[in-house]
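Enquirer: Numbering (numbering that gives the first Met the number 0), first residue to last: 0 to 529.
Please note: incorrect hints may appear among the correct ones.
What the hints assert, rightly or not - Below, a list of computed lysine to any residue pairs in the SDA-like style, where the Cα atoms sit at most 20 Å apart: (1) K529 with E508; (2) K97 with D215; (3) K410 with R354; (4) K465 with L423; (5) K135 with E171; (6) K300 with R105; (7) K380 with K438; (8) K418 with F510; (9) K417 with E448; (10) K136 with L233; (11) K94 with D215; (12) K465 with L439; (13) K418 with D440; (14) K417 with F464; (15) K97 with K81; (16) K81 with L41; (17) K374 with N407; (18) K376 with K330; (19) K300 with V95; (20) K147 with R126; (21) K81 with R48; (22) K338 with K147; (23) K97 with L41; (24) K155 with R166; (25) K497 with N518; (26) K284 with S345; (27) K330 with R354; (28) K376 with D419; (29) K195 with D152; (30) K81 with R126; (31) K140 with H243; (32) K97 with R126; (33) K96 with V299; (34) K36 with R78; (35) K227 with L127.
Keep in mind that the hints were calculated from the coordinates and are not lab data.
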Amino acid sequence: MNQIVVEVNHLSIEEQKQIIKNRWPEALKKEKHKEQKSLPPLANVEKYRQVVTRFSPNPDCVLHLGSARAIILSHEYARKYKGKFILRFEDTDPKVKKPILEFYNRIREDLVWLGCTVDDEFIQSDRLPIYYDYAKKLLCKGNAYVCKCLPEDFRKRVIENKACSCRAFSIEENLDHWNLMLNGALGEGEAVVRIKTDLNHPNPAARDWPALRIVDTDKFPHPRVGSKYSVWPLYNMAAGVDDHLMGITHIIRGKEHLTNMVRQKYMYNYLCWDYPETIHYGRLKITGAFLSKSKIIQGVKTGDYVGWDDPRLATFAALNKRGILPESIQKMIIDIGPKTADVTLSWENLFSYNRKLLDPLSNRYFFVLNPIMLKVKSVPKLFEVNLKLHPQKTEAGFRTYTIIPEGNQRKANFWVDKKDIKSLSKGSMFRLMELFNVKLDFVSGNTAEASFVNDSYKEARNSKFKFIHWIYQDESISCIVIMPDATLSEGIAESACKNLKSDTIIQFERFGFVRIHQNDEKLITYYSHK
RNA sequence: GCUCCGGUAGUAUAGUCCGGUCAAGUAUAACGGCCUCUCGAGCCGUGGACCCGGGUUCGAAUCCCGGCCGGAGCACCA
0 MNQIVVEVNH LSIEEQKQII KNRWPEALKK EKHKEQKSLP PLANVEKYRQ VVTRFSPNPD
60 CVLHLGSARA IILSHEYARK YKGKFILRFE DTDPKVKKPI LEFYNRIRED LVWLGCTVDD
120 EFIQSDRLPI YYDYAKKLLC KGNAYVCKCL PEDFRKRVIE NKACSCRAFS IEENLDHWNL
180 MLNGALGEGE AVVRIKTDLN HPNPAARDWP ALRIVDTDKF PHPRVGSKYS VWPLYNMAAG
240 VDDHLMGITH IIRGKEHLTN MVRQKYMYNY LCWDYPETIH YGRLKITGAF LSKSKIIQGV
300 KTGDYVGWDD PRLATFAALN KRGILPESIQ KMIIDIGPKT ADVTLSWENL FSYNRKLLDP
360 LSNRYFFVLN PIMLKVKSVP KLFEVNLKLH PQKTEAGFRT YTIIPEGNQR KANFWVDKKD
420 IKSLSKGSMF RLMELFNVKL DFVSGNTAEA SFVNDSYKEA RNSKFKFIHW IYQDESISCI
480 VIMPDATLSE GIAESACKNL KSDTIIQFER FGFVRIHQND EKLITYYSHK
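Go ahead and model the full structure; you've got the sequences and the hints to work with.
Expert: Spelled out as C-alpha cells, the structure:
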C-alpha cells in the first residue's frame, strides 16, 4: 500500500491525469451541485430540553443592519431547533446610554417587519429586585465586595495585580455597605459592587469586575421606572443573571463580548450555574453606511438626517422605505453565517439578494428621468398599445394607451429621456418600445422632432435600432424619486402609475426598482437599486 | 502596554477540527456571448484567491514555529 502511494506521488500531475483518463475516465467528470445554504449545527443541542436564544438590545436607538446578525441568527437557530426566541430589553443604564421610551416599540416593530417573531419578552428595568437578590447572595458568600475606590485608583492597582483595601472587608461590613448603597446613604460614584475574580488573571480586563453601581436617578430618571431605584446592575450582572434565569441555552452575540464571557463565568461558578453555549460572531459592516448608533442619533438630532428612516442610513426603517425586503436581509445573514471573522459587505451584495426576490414580483412601468419632448410627425393611424406589466408573466396584465395622431402633420407627442436622444445622431432610426420606429429629424433644447418610419419590430431588431421607453404626453404624471443619497430626482411617469398603492415595489424599466412611498396628490417613490 | 480573536478572488462564503478526492467549490461583482421589445431577469463562457517565511510529511489552505496585517476588550456602557 505505502509503496503504491510513494510510486504514484513520484509521477507528475500530467502523468497521473493520463493514467486516470485511460482507466477511469468517469472519475474526471465534474458534477455541478447546487446546495442550499443553511446554518451550521449548534453545539451540544442534545444537552438541553429546548434551545432558547435571545436578542437583547438597549432601547436607546432604532435597530439597523449591524444588529441583523444577532437578531436573525438567534431567531433562525431557535426556529431550526423548534426552540424559543426571547426579546430582552437591556435598559439598565439611565445615564450614559439612556433608553428612550419610543424605541421599545420601534424595536418590536422592526422585529415584526424582519419576520422574527418573539416568543417571550422581558425588560430588565422591571427586574431590579432580582439582581439585588443575587448581589446580596454573592456578597453573603464572600464572592463580591463593595468597593469605594475611585475608578482610576482601582485601575492602577488592578493593573499591578494588587487588591484594593475594600476587597478585605468582612462579609458583615460588605452587607452594611450594600445597605448604604440601597438606602441612598451613598451617592452616585461613591461605591460599586465588584465580583471577585483572580487578580492574577493574565487579562486585566477580567479582574474584579463591577457588577452594580449607583446612578443619581433624581437627576437622570429612568424612562420607565423613573427615580424608583438608584442602584443599577451593569451588563455582566444583569445579562449573566438573566441568561441563566431565562434558560438561555445558546448565546449568540458579537465577539466584543468575548471577555464578558470570561468575567461572567466567575459569577456562574459562585452560583453553581452552567454557562450556556456561546457563538461570538464578527462585526458586520457595510461599505459607506453608518452603523454606529451614536452617529445615527447625533445626525437625526441635528437634522442632518431627515429621520430614523433617512435613506442614507442602514436602519431597518430606512431599508424598508427603500424597498429592501426583510427576506433579502434574512437570506444574506444566513449565508454569511456565524463565523468570527469581521465582514464588510457592499450594498451590491444586499441588492442582488433583493433583486432576485423582487424581479418576479414587481410590475414594470415607464419613467423618464430627464424628460425631453419628442414630437413625432406623419403617424399614419391610431395606435393602441398593450404594454405587459411583467415581461415573463402575461397573467400580470397590461396597461393600455391609445396614440392618436393630431393635426394635418399627424403629430403625436412623447416624453423621452434626454440621454437617449443625445446618444442618437440626426437621421438615425430608433424604436419607441412596443410602439413604432421613428427617424430623428432634429434636436433643440427641450424638444426633438422625429418622423414615423414603420411599426416593424423585426426591422428594429435586425437593424439593431436603439429601443427607448416613452410616455405619451396625454398620459403622463409627474413623479419624484428619492435617491439613496437623499437627493430628489423629478421626472415623468406614465399615468398607469396613478393607481399604485403605497408600499408596492415596481420596476421603472431601464431605470431601476423603486418603492411607492406616497401616491395621493403626487407620486413619490424611493429608489432601491438597478 | 496587557489580553483575546481573526486573515481563502473586488465582496461574501465552503473547505481548516480529523492532511490526499482542493489542479480550491459557490454566490455576487467584472468582462464576453446568447436570449429578451428594459440598462432587469434567464442561459453559456472568461479572468480572478489559500497573508508571508520556515518546518513536519511521499503529500499542507488544513499540523507546528516565527513574522506581518486587521479587529475587539482592558468603562461606575451595552
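Enquirer: Please name the hints from earlier in the document that this structure breaks, with their numbers sorted from lowest to highest.
Expert: 3, 15, 18, 20, 22, 23 and 30
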